Structure formats: C-alpha cells, structure tokens
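Q: What follows is each chain in one-letter form.
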Amino acid sequence: MSTAHTLETGGQVATAPVRHFISTGDHPRAVLDAIVDRAIANAGARSTALAGLSVAMLFFNSSLRTRSSFEVGIAQLGGHSTTLEVGAGVWNLETIDGAVMDADKPEHIVDAARVLSRYFDAICVRSFPKLKSLEDDLADPVISALRDHATVPVINLESCLWHPCQAMADVMTIRQRFGRTDGVKVALAWTPHIKALPTAVPNSFALAAAQFGCELTIVAPEGYDLPEAVTAQLGGATVSHDQSLLSDQDVVYAKSWGRLDRYGEPPADTLRDWILTPEKLGDAVFMHCMPLRRNVEATDAVLESPNNAAYDEAENRLHVQKEILVELIG
Amino acid sequence: MSTAHTLETGGQVATAPVRHFISTGDHPRAVLDAIVDRAIANAGARSTALAGLSVAMLFFNSSLRTRSSFEVGIAQLGGHSTTLEVGAGVWNLETIDGAVMDADKPEHIVDAARVLSRYFDAICVRSFPKLKSLEDDLADPVISALRDHATVPVINLESCLWHPCQAMADVMTIRQRFGRTDGVKVALAWTPHIKALPTAVPNSFALAAAQFGCELTIVAPEGYDLPEAVTAQLGGATVSHDQSLLSDQDVVYAKSWGRLDRYGEPPADTLRDWILTPEKLGDAVFMHCMPLRRNVEATDAVLESPNNAAYDEAENRLHVQKEILVELIG
Amino acid sequence: MSTAHTLETGGQVATAPVRHFISTGDHPRAVLDAIVDRAIANAGARSTALAGLSVAMLFFNSSLRTRSSFEVGIAQLGGHSTTLEVGAGVWNLETIDGAVMDADKPEHIVDAARVLSRYFDAICVRSFPKLKSLEDDLADPVISALRDHATVPVINLESCLWHPCQAMADVMTIRQRFGRTDGVKVALAWTPHIKALPTAVPNSFALAAAQFGCELTIVAPEGYDLPEAVTAQLGGATVSHDQSLLSDQDVVYAKSWGRLDRYGEPPADTLRDWILTPEKLGDAVFMHCMPLRRNVEATDAVLESPNNAAYDEAENRLHVQKEILVELIG
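Chains as they are written, first to last, in the numbering used here: chain A, 5 to 334; chain B, 5 to 334; chain C, 5 to 334.
These are computed hints drawn from the structure, not numbers from a lab.
Incorrect hints may appear among the rest.
Using 30 Å as the maximum straight-line C-alpha spacing, the simulated DSS-like pairs for lysine-lysine come out as follows [as the list claims (entries may be wrong)]:
(1) C:K136 - B:K109
(2) C:K109 - A:K109
(3) C:K199 - C:K284
(4) C:K199 - A:K199
(5) A:K136 - C:K134
(6) C:K134 - B:K109
(7) B:K136 - C:K136
(8) B:K189 - B:K284
(9) B:K136 - B:K109
Facing chain C, from chain B, some residues (calculated, C-beta under 7 Å) [claimed, not checked]:
(10) M105
(11) D108
(12) P110
(13) H112
(14) R118
(15) Y123
Keep in mind it's a predicted model, so treat the numbers as computed, not measured.
Where is the CB? At the ideal position from N, CA and C, for every residue including glycine.
Next comes chain A alone, as it looks inside the complex (with noise of 0.2 Å):
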C-alpha cells in the first residue's frame, strides 16, 4: 500500500517513481544480471523478505506455471498473495478511455487499478492478446493502463506483448547450463500448432537472449515474422527459415506463434513437418515455456531426452520471479 520509495536524503524526503516490471528491456543488463545472479544463489530459500506484504495476481487468462510459481515464491518470502480471476469471480473490466459504461463490462481498469494499488503491495497481471486487431493488441491496452494508473509496482505475467518473468527464467537456464548467456548460440525454433498463438514469449525471450549476449538465430517459415517494434530491439540477430541451421545451436528455444499478416486466423498450412525431433536438434539443449502441445509442436523423444531443460525453466520462474519481487518491494 506504500505508494513509492521514499528516500530519506541529508532531512529531505524524496519520492522515487515507482518501479515497474513490464518487459525487461525497460531495465539495464546490471539490474538483470543481479536479479539472476540472487536467483542462482538463493534457489530455494525462505526467507521474510515480504513478511506484511500483499501482491495481487490478477488473471485475464488461464495459468499453472506462473499461479503456482508466484504463489510458491510468495510465501517462500513470506508474503501474502490474492488471486483474482476476471471475468469469473472477479467484475469484468472495461479497458477503453472514456467509454460509456453501459454494456457488459461494470468496472473500469483505471478504478480497479486506483483501488488494488490501496490493498496491495504490488500488482502482477496476466492479459493475453485478444488477436483480433494487431494494432490494439501492439498498445498492450491492459498493462498500458496498469502502469499509468496503479500507485504500486506492475509486474507482466505476459502481456500482448511480453512475457518478461519467463524470459528471466529462460536466461537462467542458459547460465545454469552454460555458466554463461554471452555467446552462447541460441535458436528460437518456429514450431506448429493448432492455433495462431500469441508472440510475447518469442518476444521476451528473444529481447532477453539479446540483451544478455547470446549469438541468436530465429528460425521460422516465411511469413511468421515477430512485430518490429520488437526486432527492432534485436541488434544483430540472424533470420532464417532453414531448420538444419537448429542441430548447430547449443540451445533450441521452441515456440509457435501465428502470422502478423493473417492475424489472428487459424493457421492455413499447418506445417507439420516443422515439428521438433531429436533429430534436428543434435546436442542441443531444448527449451520450452510450456504448456506444450507432445508430437504437435515436438515429439515425445524431445521431451523425454536428457537435453530438455524446459523442467528447469518452468522451476526457475519460481526461482528468478522471488528476486523480482525483492527487487521491486522487498
């Protein structure tokens, strides 16, 4: 409920802005490198680090990984968690400025944000795209809205656009397995599913490996191209579609995500053959942020293989999410 950092200065008081968690390009390479190095450290302790302190998580969609993780984490620390579910239990909430109230939606985000900020410490939200129009979903309208009008820090549980908490993890499991994240060659791997799925964990992870030094390829069918507001962000990352190029990789990040030129529409060719094999893969390490869709988007052999970390990765967000937390109110 404290609404910013004070900092006690030679008798003044000075209120520092709060601090926000949205996408980890909004934060230096230092302040991340610290949150994974504390993250590797402290794997697994307890600690009162949050001991009177309240965090809200405030669902949009479905989750295991990250309602457990940050659950876990939070009473790992001590702390208290409260999970709001919208929609279900929770009012619906209307995203748009201005609106004239009177269809399905009775609260608005900007009072929901104003009065979650009075009973919590802080404020982790998941809203996934609703792939209906590129342009609505690229001003990201529910963490936009957060942000600006919650008092307490923000965290994204994956947003349209970012998915920053799986993107720590993922790092972490590249310095676990490779001591180190720069130069380290990492593939992220176009794979098939049902559905046009959304691109924030692409995003994430691939803004994340670039941040942190990694050689990075992406390796997708023509026309699956990742936004460029966010490639922009990628320096000098290689783009191509030959899936022999995955075997040379010492990790394999997989993940599917739909075209931004047919947004939102089922995918046409389903591109089977885009599966991952332990063929293709070679040694390298396989990653994943789950759910999975088994002999879909990889087979069970991949799965299966000594080669997966996407175990470690799902136990890591428990890990590096604790830190992020400390970082922004502990």
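With chain A's structure known, arrange chains B and C on it following the hints.
A: For chains B and C alone, coordinates are given in the frame of chain A:
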C-alpha cells in the same frame, strides 16, 4: 471452530450467544463507533490478532474489493482465509427448508453452515438477491440460513438486504473528511444504470447514516423507493425527487437501484439525465461503493475530481473490516 | 520440492521411494492406526510442521469439505497451499500417453506432474471418473499419471476408485463413537439418487472397514455391486439386499452409487423406497460423506437426529488429513 465465546464469571462458565455482523442495525451505535475509532487508529497496522484462525469467504456472486480487502485484512491480522465460490468449484446450495433435493443443488445450506462451522472461526458470505420475487428476497434466505445454522460468527459481505461492511467504510470515510458524522448533510442520490440493481447498498448506507446522526436526504426519481422494512428504521430522513438539492449537501452518495414495484425488470425509462456531473455536485464530496459505470452513473470528470472519495471508501473497507473481525473473533 | 526422503545410514545416503496416499490399501494397518491415533490426540492443535512447505491442491471437480479442510489444515500446520482448478483458470490436461495433442487440451498431465513437483512439496488431486467407460475409469488415469510422474508425494482427494482421506475420517469417527473399530458392526447402505454416482467413497469405506476389523455388511438393491477389484480385498464382507438388516447395526454408512453393468446411465428405477429413515436405522449411528441430498438419500429427520455422525466425519477430515500430511512431508 470455537462455537461461542465463553465468559468466566466467579468460577462459572457461561456461554454467550454467537455474535454476527449482518446489518449495522443489529448493533448499538457505541459498538459501531468503537469499530470505526479503532479502524482509524489502526489503519495499516499488522498484528497477530487472528493467528491460528481461519475465515471462510463464501461467494455466491462476484467481487473485487470485498474479496481483496478481506483476504488482505485477514493476512494483516496473521489469520488464514479460504475463498469458496458457490457453483464454481463449490457445490450449488439448496436454501429451501424441507426440500426434496432431486434437482441441480446437491448440498443444503443448513449442512454447509454446520460443516463450515467445524472448519472455520468465522463465515463471511456474499449472496445477492435473485431479483425475481421481492418477497423471497426480503427474507434474505442465504444469510438467514447461515445465521440460524452456523455455530460461528457470520459476516455479511452483501446480502439481498444489507451491505454492512460497505456502510461502515462509508461512515469511516465521512469521519475522515469531516471529523464527525453527526449533523453532516448527506444525500443518497439515485443514478442511472442499465440494470435493475439490488437495494442492499442504499439500504445499509441510509441506515448507517441515520444511526451515526447524519442529516439524510434521499434524492431519487418518482417510484424509486427503498423497502419499507428499511425506511421504517431511518427516522427523519427527507425524500425528494429534486436533483437541485444535491449541491447543497456535504456528501453525495451515488447509487443506482431498481424499482420495487417492477421488481427485477430492466428500467423502462433509462433516466439518463440523472447522471451525476460536477455541476450537480458543487462542492459536495462524491461517494460510491463501486464498481461504477463511468459516464452512465457519473461522468469521468466526477471521478477525476479531488472531491471523489470513492477510492478512500474502497481503502477503508480494508481497515474497518479488520476491526469487525477482531471484534467478533480476535 | 525435495524429490525424496533421504536416509542417512552410517555415512551413506540412501534415497527412499516417494510415499503417496492413494488408497488405504497401500498402507499397513499399523501406519493407518497411528495416523488415526495422532488425529484424535492432536485435534485442533496448531503447529509449524509444514512451515516453509507448499502443497498443491489440484481439482478436476468441485469440492466444499475437501478444499476447506485441506486449506485450513495446511494453515494450522504453518504451511501454504495453492488451489488450482483444471479447466477454470488452469489449462485442461491431456491424460493419454503418446497423444498427438491437437485438440482442446494444451498440456499433458505428465508435464504438469513434473512441473508441479518443482514447486510443491506434495500434490493433492481430485479427479472423478468420467462414467463413460468402466474399463477406462478402473485404470484411474489421472491419479495414476501423477503417481508415476510426480517426484513428490501425491495425496488422493477422490479419484475414480478411491477416497482414502474420507475413509480415514470415517474410521476416526467410528473410533470416537465406539472406542474401537474391531468388531463394530457396520453396514454400507445404498441410497437413492438422481444420478449414477461413482463408487470411490463406498470402495474406500468398505476397504477401510475391512482393514480396521469392522464386521462389514453391504446392503444394496440387486445389481448394485462394487467393482471386483475392490470386493476382492474385503475378506468376509456380507452382501445383502435386505434393508431390515440395517437396524441391527452399530453404524449405517449411507451412500449412493451407480450400476456397473449400466455404467454411467441415469437410474432406470429410482428405488425411492431405499431412502433412509429413523425407522430403518433404529439405534444405529448414521454416517455419510456428504454432500447429501436431503429427502432423497435420507429424510430430514435422520439428519436432525443425535445419531447423525456426518458432521463429525466432516470435521474429522480436517484432523486426519493434517496427520496424513505430517506423515508424508512433515
């Protein structure tokens, strides 16, 4: 799980009846005043008053503020809460005495009340009216069954008839703004809405305003009366259809509710000119229980004004409910 | 998050297999007796046995008692729980090995089991039978997959076949009423219902009654048999279609279940004369796992009788489950 407070008197042990918080009208002003005093004094404090205790939060309907503020408040008191959503994760509950239960409700509320009393130290319940039969709703069947069959304190999170925790937060907000409640001029101002809403909030606000010595005026269109069972308890409240009275008030408490003589029917006349604007309010403090439909009940300008005390009301839910819990089970 | 108990023996470290609680039949009577002993001794006690530990509560189906009693019990032991509802807030889970996952279930239970094991110290799961294929349900696919793939203890909150926590509370209730279980005459009495219910509760009650030395009689209409996989474990239980045997019992355990030979079909004959009444029960203690359909399974008079031990059973869920948790992870 204690079924009643025990009072030790000269070697004898007497059992006091279980105390509930169903309407402010069940408690003398001195008790209510003391709760508000403590809520103001202890705002933001952490304690162990509920250490080792568990509170059930039973929702038949949606909630944002109520759920958040209770869960956070219980945590700040060192207690534990379990949130149960009836019909979504929890069995549907039959409320009719003697029913042959061969339809869609597998559990009787009498049995749920008794069982929850074995697990929890208090039961908080939200159950809105069904808005089909005024007579049925005036009997307030869910909260009445819990009161009659639970053996631990029952706290009303908004029933068909009353929303006493909201009213206590409202009174606290008036105290904060004016340093007193006696003689403060408050108007309960009807607002437009797309639905016929329940009267629980205006009932409880009007009753609490009367109990706390406010000078109450109800300003509503013709035909929009509150239930006689409520107005009979209000003493000398003024009733008017004249919106020009609003600018002459210290406080304008905005709220929509439906006609009792066309019970539950969508409004035939939307009466959009009853929307609240800065012009109508003048210098009066604006209050609202939220959620609020912007630009239907009140304009954005009202919400963005420094006279808007609705966020304070929401925050005060947290503070005052903690003291209600401590009063009953702390 | 510990994957197994480690036993230090003379400088060597051996890893014991993970212990689950899936059926009472998996554990010798001495272990079960000790759990009941401790549940009686520790009823109502608070401790820090689970301090720093987190328990997942994974629900594929609704619950009131199970969810409440586990959440409260874990809190009374100083632990933390996270309640996850599959398909409502949590991804739907595929249970078929080797499935090509291109339908409506985005995550495989094998992966969920492994991921939850990274976050939680135990996984409690409720997964009712689908009641479409007896053969499929007898394989108990969800709990079996969790047992096989989780690396932390799995506790059964009612599967297709078993409800062991209920049976432990039942045995505890018999112990409280009679001071013993050996030689107590208990009837498992079939009751009418509008649906074909699963056999998990009667299976587990019958098995536990046999394990604890009760004299068991199953009284049900012709055609209402329990699965052979269960009855094979019951030793010398009597089976009868004669309701007049009930009044000769110490305990009548009421429960409805569906015909196995018309699996999942709504009852053709409602057999309403199998409703339990005070006359049929005589002096026998009435037990039921709840929820109970009043005036369909048993009359209001049975429920309101002092011989009704169903509320004690519900309360004992709390006490006995705490000791099961302490046994496995405390």
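Q: Verify the proposed pairing of K199 of chain C with K284 of chain C, using a straight-line Cα cut of 30 Å.
A: holds (23 Å)
Q: CA of K189 of chain B to CA of K284 of chain B, is that 30 Å or under?
A: This hinted pair holds, its Cα atoms lying about 16 Å apart.
Q: Does K134 of chain C lie within 30 Å of K136 of chain A when you go C-alpha to C-alpha?
A: violated (36 Å)
Q: Does K199 of chain A sit within 30 Å of K199 of chain C, going by the straight-line distance between their CA atoms?
A: Violated. K199 of chain C to K199 of chain A sits at ~37 Å, over the 30 Å cutoff.
Q: What's the verdict on K136 of chain B and K109 of chain B, does the C-alpha distance respect the 30 Å limit or exceed it?
A: holds (19 Å)
Q: Check the hint pairing K136 of chain B with K136 of chain C against an upper bound of 30 Å on the C-alpha distance.
A: violated (38 Å)
Q: Hey, does the P110 of chain B contact hint survive, CB to chain C under 7 Å?
A: holds (5 Å)
Q: Measure nothing beyond the straight line between the CA atoms of K134 of chain C and K109 of chain B; if it is 30 Å or shorter, mark the hint as holding.
A: holds (20 Å)
Q: Less than 7 Å between beta-carbons is the criterion; does R118 of chain B satisfy it with respect to chain C?
A: holds (5 Å)
Q: Taking only the CA atoms, is the gap from K136 of chain C to K109 of chain B under or equal to 30 Å?
A: holds (23 Å)
Q: Can we keep the H112 of chain B interface hint, with Cβ of chain C closer than 7 Å?
A: It holds, given that the least Cβ distance between H112 of chain B and chain C is near 5 Å, below 7 Å.
Q: Hint M105 of chain B vs chain C: min CB-CB distance below 7 Å?
A: Given a least distance of 4 Å, the restraint on M105 of chain B holds.
Hint check: violations occur at hints 4, 5, 7 and 11; the rest are consistent with the structure.
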